[in-house]
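*Asks:* Full structure from sequences and hints, please.
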Amino acid sequence: MAAHIAEKKGTFLEEVIEATPGGERLVHCLQCGSCGGSCPSGADMQYTPRTLIAMINANDRDAVLAANTMWACVSCYFCTSRCPQDIPITDIIYTLKRLSIAEKRYRDTDAPALAKTFTDFVDRYGRSFEFGLATGYHLLKRPISMMKMGPMGLQMFTRGRMALRPTKIRQIEQLQAIINKAKELSGSK
Amino acid sequence: MKFAYYPGCSLERNAAAYDHSVREVSDLLGIKLQEIDDWNCCGATEYFSQNELAACAVIARNLALVEPQTDQIVAPCAACYLNLAKTDKLMVDHPEFGKEVNQCLAAGGLKYEPGRVTVRHMLDVIVDDVGETAVRDKVVRPLAGLRVAPYYGCQVVRPIDNNDNPEYPMKMDHLLSWLGAEVVDYPVKAHCCGGHLTQISEPQAFELIRRLLQNAQDYNTDMIICMCPMCQLNLDGYQSRVNGFFGTEFKLPIMYFTQMLGIAFGIDPQKLGFGKELVTAMPVLEAKLGGQLV
Ligand code: SF4
Ligand code: SF4
Ligand code: SF4
Ligand code: SF4
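Protein sequences, first through last, are from chains S and Y.
If you're matching positions, the first sequence starts at 0 in numbering that gives the first Met the number 0 and goes up one per residue.
If you're matching positions, the second sequence starts at 0 in numbering that gives the first Met the number 0 and goes up one per residue.
Read the hints as simulated data drawn from the structure, not as lab findings.
You can trust all of the hints, since none of them are fake.
20 Å max Cα-Cα, derived SDA-like pairs, lysine to any residue:
1. 98/Y <-> 175/S
2. 110/Y <-> 173/S
3. 88/Y <-> 18/S
4. 115/S <-> 200/Y
5. 98/Y <-> 176/S
6. 88/Y <-> 17/S
7. 110/Y <-> 185/S
8. 167/S <-> 37/Y
9. 270/Y <-> 159/S
10. 110/Y <-> 171/S
11. 182/S <-> 108/Y
Here chain S is said to cover these stretches of chain Y; the calculated rule only asks that three of the stretch's residues, wherever they fall, bring their Cβ under 8 Å from a Cβ of chain S:
12. 8-17
13. 88-96
14. 106-120
15. 154-161
16. 234-243
Non-contacting residues of chain Y with respect to chain S, defined by C-beta distances greater than 12 Å in every case (computed):
17. 23
18. 32
19. 33
20. 69
21. 70
22. 128
23. 130
24. 213
25. 264
26. 267
27. 268
28. 292
Glycine included, every Cβ here is placed at the ideal spot set by N, Cα and C.
*Replies:* Spelled out as C-alpha cells, the structure:
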C-alpha cells in the first residue's frame with residue numbers, strides 16, 4: 000500500500016488520503032455502486048459518491064472541488080457503513096468540503112456561509128444557536144427567510160424553543176486560545 | 000451509575016423537553032448526572048466542514064473538563080455524541096493527531112489523555128446499563144394501546160459501533176416495548192431526516208422529512224419517538240411547512256424516548272417538557288392511555 004501511495008506523490012489522490020484518517024482505503028474502490036445506491040441525496044448530486052471516488056482516483060481535482068456532491072451530502076453514513084471496502088466515504092466528503100471552502104471552489108450553495116455563521120457564534124460565545132433554525136439568526140440579513148418560516152418561527156418562540164442569541168460560556172478566553180492555536184497549527188485563519 | 004453529562008446547545012432551548020425528561024428519568028433510575036462545568040458547543044457538523052483540528056480541539060475541551068473521578072460521559076444529542084466519540088477515537092487511533100489536539104488544549108491550560116473517557120449515548124445507558132428489569136420495575140402507567148414508531152436517525156447507529164444493528168437498530172424498540180407500548184416496525188426507522196439541510200435546500204430536506212412521516216403514518220403510528228434534537232426539530236418543527244409544501248396533512252406528534260419513559264414512570268408531563276412540541280401530543284396520549292395524565 001505504501002508503494003501505491005508513493006507512486007501517487009503530489010497527486011490529488013495523495014492529498015485527499017493525507018487529509019483523511021483511513022483515507023488510504025480509497026485506492027481499493029471496486030466501483031460497486033453500493034454507496035451511490037444508498038445515498039438519500041443521490042438524486043440531487045451532480046456526481047454520486049461512487050463517481051466522486053472514481054474522479055478522486057483519476058486526480059480530477061478541479062471538477063471534484065467544484066462538485067455539488069459535498070453540499071448535498073447530509074452525513075448519514077449509509078455509504079460508509081455499506082462500503083464493502085471500508086472506505087470512509089463520509090469523512091472523505093468532509094475533507095473535500097474543507098478543501099472546497101478553503102479555496103472557495105464551491106458554487107450555488109449556502110452551506111459554507113451557514114457553516115461560517117455557525118462557527119463564528121461558537122468562536123464568539125462558546126455556544127451556538129440551534130442550527131436547524133439558523134434562519135432566525137439571519138433575521139437582519141435575510142428577512143425573507145424569516146418570513147418564510149412564518150408561524151413556525153413564532154410558535155418556536157412562544158414555546159421557548161428559540162433565543163435571540165446563544166449563552167456565553169464563562170471561560171470564553173480559554174476556548175478562544177484553543178481555537179486560535181488550532182487555526183495557527185493548521186495554517187488557516 | 001455516575002456520568003459526566005454533556006447537554007449540548009440544542010438542549011438549552013430548542014430541545015429543553017429532552018433535557019428536562021433526561022434529568023427526571025435519570026433521577027428515578029439512579030443514574031447520577033454531573034453536568035460538565037462550563038461546557039462548550041461541539042461545533043455540530045459545521046466545524047468539521049472547515050477545519051478538522053479546530054473541530055476536534057473544540058470538542059476535546061469538553062472531554063478535558065470531565066472530572067478525574069469520572070470516566071464516562073453521556074450525551075443525549077446524536078450529533079454531540081458522535082462528535083465526542085469521534086474525536087476521542089481519532090486521538091486514540093492517530094497519536095500524532097492526538098498530540099496536535101493536545102497542543103491546542105495546552106494553549107488553554109488543558110490536557111486530555113485519549114481514551115480516558117468513554118462516550119455514551121443516553122439510549123445506550125438506559126438500555127444496556129440500567130436494563131430491562133430495572134426499567135420495567137418503575138413502570139406505573141403502562142403505555143398499553145399506544146402505537147409508537149421509534150426513529151433512530153443516523154449519527155448514533157452508523158458511524159461508531161454502539162452494539163446495535165446500523166441498518167436495523169432495535170434498542171429503542173426494546174425499550175418502548177418494556178413500557179408496554181405497541182412498537183411499530185417500519186422500514187425507514189434508521190433513514191436520514193436531512194440534518195441541517197432545511198437551511199440549505201428546502202425541497203431536498205422536505206422530501207426526506209416527508210418520506211419518514213409518510214412511512215410512519217402508513218404503518219398507523221400514533222406518534223414518532225426520537226433520540227436526537229435535530230431529528231425532533233425536523234419532523235416536528237418543520238411538519239407544518241412540509242404539509243404546506245406537499246399538500247399533505249400529517250399530524251404526528253414527535254416525542255423524545257425519555258419523555259415516554261417519564262410518562263410510563265408516572266412523572267408529571269409538565270416536568271417532562273410536554274407542550275413544547277408543535278404538533279401536540281396530549282390528545283392522543285389521553286385518548287389512548289385513558290383519562291387525564293396530570
Ligand atoms: S461502496 Fe465503496 S467500493 Fe463500492 S463504489 Fe462506493 S466507495 Fe467504491
Ligand atoms: S453520507 Fe453523504 S454521501 Fe454518504 S450516503 Fe449519506 S448523504 Fe450520501
Ligand atoms: S451538536 Fe448541536 S446541540 Fe450538540 S453541541 Fe453541537 S450544536 Fe450544540
Ligand atoms: S436523522 Fe437527521 S438529525 Fe438525526 S442524525 Fe440523521 S441527519 Fe442528523
